[in-house]
Amino acid sequence: MNQRIPVTELTSDFKGRAREALADSQLRSNFRTAMDSLMRKRADAFSDEDEREGLRELGNHIRARSLSNLPDLLEQLETRLTANGIKVHWAETVEEANEIVHGLIEAHDGRQVVKGKSMVSEEMEMNDYLADRDIECLESDMGEYIVQLDNEKPSHIIMPAIHKNARQVSALFNEKLGEHVSEDVDELIQTGRRILRRKFLEADVGVSGVNFAIAETGTLLLVENEGNGRMSTTSPPVHIAVTGIEKVVSNLRDVVPLVSLLTRSALGQPITTYVNLISGPRKPDELDGPEEVHLVLLDNGRTGAFTDAQMRQTLNCIRCGACMNHCPVYTRVGGHTYGEVYPGPIGKIVTPHMVGLDQVPDHPSASSLCGACGEVCPVKIPIPELLQRLRQENVQAPGHEPVSVKGAGSKYSRKERLMWRAWVMLNTRPAFYKLFLWGATRFRALAPKKAGPWTENHSAPVPAARSLHDLARDHLKNSDILGEKS
Amino acid sequence: MSELFYDAAPNATRVAPARETERRYPDKPAEVSLFGTCVVDLFFPEAGLDAIRLLEQQGVRVHFPQQQSCCGQPAWTSGYREEARAVALAQLDLLDDGRPVVVPSGSCAGMFRHHYRELFAEEPDNLRRAEELAERTFELTEFLLKVCKVQLVDRGEKHKIALHTSCTARREMNTHLHARELLAQLDNVERIDHDHESECCGFGGTFSVRMPDISGAMVLDKTTALRESGAAEAISADCGCLMNINGVLEKQQQTFRGRHLASFLWERCGGEQ
Chain A
1 MNQRIPVTEL TSDFKGRARE ALADSQLRSN FRTAMDSLMR KRADAFSDED
51 EREGLRELGN HIRARSLSNL PDLLEQLETR LTANGIKVHW AETVEEANEI
101 VHGLIEAHDG RQVVKGKSMV SEEMEMNDYL ADRDIECLES DMGEYIVQLD
151 NEKPSHIIMP AIHKNARQVS ALFNEKLGEH VSEDVDELIQ TGRRILRRKF
201 LEADVGVSGV NFAIAETGTL LLVENEGNGR MSTTSPPVHI AVTGIEKVVS
251 NLRDVVPLVS LLTRSALGQP ITTYVNLISG PRKPDELDGP EEVHLVLLDN
301 GRTGAFTDAQ MRQTLNCIRC GACMNHCPVY TRVGGHTYGE VYPGPIGKIV
351 TPHMVGLDQV PDHPSASSLC GACGEVCPVK IPIPELLQRL RQENVQAPGH
401 EPVSVKGAGS KYSRKERLMW RAWVMLNTRP AFYKLFLWGA TRFRALAPKK
451 AGPWTENHSA PVPAARSLHD LARDHLKNSD ILGEKS
Chain X
1 MSELFYDAAP NATRVAPARE TERRYPDKPA EVSLFGTCVV DLFFPEAGLD
51 AIRLLEQQGV RVHFPQQQSC CGQPAWTSGY REEARAVALA QLDLLDDGRP
101 VVVPSGSCAG MFRHHYRELF AEEPDNLRRA EELAERTFEL TEFLLKVCKV
151 QLVDRGEKHK IALHTSCTAR REMNTHLHAR ELLAQLDNVE RIDHDHESEC
201 CGFGGTFSVR MPDISGAMVL DKTTALRESG AAEAISADCG CLMNINGVLE
251 KQQQTFRGRH LASFLWERCG GEQ
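Chains as they are written, first to last, in UniProt numbering: chain A, 1 to 486; chain X, 1 to 273.
Okay, chain X solo, but in the shape it has when bound (with noise of 0.2 Å):
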């Protein structure tokens, strides 16, 4: 693998993803179900706006279920199974129609792929229904970079951004080196490295609110690396991991912010192309 894809900042832990079998990715299909997660919904609705724009820029139909809320990872992560199934069943039904679902969140469409059958387990049919999904799943950077085989004309200034992977994106979903190449496909925009850049941003759902004064050591010290990076913003894939650094960052006063790569990339490439 080249030199783009490692971590190149002092101290990084220069890991590869983890190895699973190298997914195979279907043709692009004429149509895609967003699923727009509630943290997108509710505090980051542009950055689900402009997926879908992206989308339908690669000639893909995209269908927005009303009926979708969350994907149910919030009481997952919390040890209430029951409850995580009760709202991953509402979701797998929604989702049944075949659709490819395209999920702007490493996090959420990790979920989806991994988590769902483990919540099903014990049920055969409904764990056959959660192993179709997981396999018609895809992160956004995913669909668009192995799916829709996307070629960005960067029609943006000269620009320095430093990139903020989750950790579900990056350990579960495999998909930390797609924002990468799709950025990379940007002419006017240079990635920094920021210091530990493989670390945590120190959400973990619950966990930020269950030990905040942990959890806020480690989102310090990456709003920290993020601004001392010299980039003039933050993009992520995750709006998770951006309601976090940005949540500190608004609270210190800094001018210094996080953005969701979908709006990132619409801003600079969107339009006909």
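Next comes chain A alone, as it looks inside the complex (with noise of 0.2 Å):
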């Protein structure tokens, strides 16, 4: 589990990945094929659509609260899950994070993880930091444990291996695991959860990550469905728990709407077959659960896009993954291509402030600002709002104050500006724009047949032979009507 450089990080950029994975008539089919499923079920669980925009109204309402009392909620937070027994940990990097987690194993000379679902220990890098100190983390969500036997990385939040087929997963099995598998997609779980049973007995400590964690009672909630989670949480002595700091909100009533929205968002499932509420150790008179809980909260650069009000909207994310899914652009590239932890359309406004901008600096270009990700947002993150204010950032010249995302200005051309620049002569003027249009119709016969990247997958635009200026004159001019005159 040493090898880590999945194939499709091979190419460095993102048009060199996307190019590849247009290519490949597989991966293509995969993803429309399930990403249509998921709309499809997405639009059955929201069949009432004032229901549907009431609740995502509320949805919004409740992030925006909660973040908007977001250091009072932590304090509470901690106040609470200590009290119930929960230790809490802080991390502001990674590196931390992975320090903290580490420690913890170690103070229990764990040498099995067993993990639940988590973006944030995607987020860590946590399976490599824990295998380079000969500690073994084995992923348990099905999707999760099919990518880590194949060395790749999650191309979806919600389901990290959908980017292969059953053929593919049999494939896979057949050859890692050394048993003769068929592409049924029973025998495909069966044999998944046989392996993973014997891990969840046999491991040290469990990790988990959190969907909601509510700062009145100083509860976790998880939800998921294979169960997996409640094993990985249970089972081991030691349950570890990694979230984002921005996951707290205030009370139980909270996470009512939350959870809802979150599960007809992701898969259309009015809940999920398990929702764990996890409120400290197992208590003296208890049969079962883990000895220690802790939890890990990590900022990761949330707190600088929490300072900036305008970017702040992407804390509100639940993670339901309902924006990759409506993805024109998603579809067709798949997640790998983003090349981080986070894809899709909410992976380009999060990852700015986690990376910085310059290392992920066609994400904000990389859309055709189509909209249909914010119309679903089930908490209604104005995503291409986003996406736009990012692209400014990404054209600022350099020295520019204040620099409001990490990495601001990574896209920053003199050529460019100055040809914007000249444009902007263009439609100000009105002399130059009529030149310009005179010249375009009268000359038309001589455009280029070549017009760049647009030439590549049309013909070139031909001018009209008259412009819309000069035929609405004339017509103007010999109707009924008088027309402006120019």
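You may find that some hints are simply not true.
Unchecked claim - Across the chosen pairs, the derived CB separations fall in these ranges:
id, chain 1, residue 1, chain 2, residue 2, range
1, X, 154, A, 69, 52 to 62 Å
2, X, 31, A, 422, 28 to 38 Å
3, X, 224, A, 109, 54 to 64 Å
Derived by calculation from the structure, the hints in this document are not laboratory data.
Bear in mind that the values here come from a model prediction, so they are computed numbers and not experimental data.
Ideal Cβ placement from N, Cα and C applies to all residues, glycine included.
Mind docking these for me? Both chains are given alone in their own frames, and the hints should help you get the complex.
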């Protein structure tokens, strides 16, 4: 488990990876089929439009209110969790978070860790960090298990192995597990389940994520469908939960609409098969549960987003993945193309705060701004508006102050700036503009047959023989209705 | 809402438009200004002229301010805020006479209605003017249907069309049902759903040249869906999409094409009513 460069990262830039993904017809068909099905499921789960819109509005308000009280809520969360016997740890960076987790495992002489699904642990690259220290960290979510087995990263935040179909998973199991498994999905799942059952019993430590951390009661809420979350958090003697600082909400009442939004937006489910409410370690009179429970709260750039009123909205995210499922770009290039932990529309707006815009310079541009993501977001994050903002940050000249997004200005180009200045001249001086129209229409036969990347897919656009300026002037002059005098 | 308004095609997302407060429409004005848009100006001028004719047919006097150029959107979506602002200011000055503005494009109308106030957010005087412009800006189909309350009389032969709605019409202007309603008034026109009808055609302004591979994959899927729908032609109320879609069809040497809704309506319902 020590080779760790996923094949998809061999091409270093976004555009190159996109080209490779687009040429992979199997990948394209896997994503299209899966995303179509997920879109249908969500639509069916929200069959009442008014209810859906009311719930989204409520979800947005709850998240915005929670964030506006973030420092207080975090303090309250720590107090209540501590009172419940859950130890709270704070990490500003992923390195700190990994050190904390490693320290806790070491303190119990842990060698085997079993992990429920956690995107924050992906941010931390926890598996690799622990592997380097001779600790096996096994993924127990079926999708995560599959990608881990194949040395890959998740391609979707809810369905990590959605880029593979059953045939590919079967081939992978046959190769890596050395036993013959058919392409039958049930058989594949039973195979994984058999292996994981043993691991749950053997593991020294269980790691999980958190969907919502409830400040008032000091409760960690975790939704899942496979039971692996419950096994990871109850079977091993030590449970370590890792999450981002933005996941805190005030009370249990806040959680009800958010869970409904989450499960319906993600998979079209009214509720997940398991909803775990973790409120402390095993008590003396209880028969099961871990002896110790820890929560690691990770910042990793979230405070940076928090301090900017507009970008703070990125922290509303409840990680449902609906924006990916509805994104025409994600559907075509898949999750690995993004090269980061969080792919798709939400990935484009949360990643810059974590790694810096200069590490993901092409992400803000990789959108037609069609708005499908914003339309389905359960907590109404205006994703297109934030992408637009990042585009502005991306072309800031060097030395621009203040720097509100880490790594801003990575797409600054003097040449492009000059081109836009020329465009301004043309479009703010009517005489220039008309001269341009005159030239373009009069010499239309001379229009270039190649127009950069445009003519890769299109024939070159040929200007009309007469512009609308001309046609409208003549028409309005001749009609009995008076036109403007130019 | 009736079946008419849903994308019934397989795999369509079936999402209704984002809920805005229902827009209130004024009575039909005596005159309007037409903002033609730069793409129509140079590449689809007949669509602009047909829009003028349709408005005149409704008894509305149309002005075409000759000083107009571009709404500023290309720079805005590329992140060049200052440049977009400069061009927007020129249009704001030009369209400052209080006349309703009709735009034959959801995308440019959306720029006036939603993004000018972002561009001028920190300039109180211009912001007030931008908000005032937003109030009297109408996308063409919206204006015909909701303000003119048009009753179209179809004089054409039986015809099947596919409708492509721009994402800005659908999600910014909330007008994606309007073109459907207008087409539904035409007795001899059958609108056929196409696969993934509500999905973007891949244009996205400068996206199409910054990310030609991804944009290309999107538009190839769109043109295939339109061609395979069984429709004789595609109709759209946005020339950005049409330039994208027709450019690909032309390169593929297909005979199938897209046409602006204004031209289609004028062809079938033109003349005295």
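Verification of the supplied hints:
1. 154/X x 69/A: 52 to 62 Å: Cβ of residue 154/X to Cβ of residue 69/A: about 59 Å, so the range 52 to 62 Å holds.
2. 31/X x 422/A: 28 to 38 Å: With a Cβ separation near 35 Å, residue 31/X and residue 422/A satisfy 28 to 38 Å, so the hint holds.
3. 224/X x 109/A: 54 to 64 Å: holds, 60 Å
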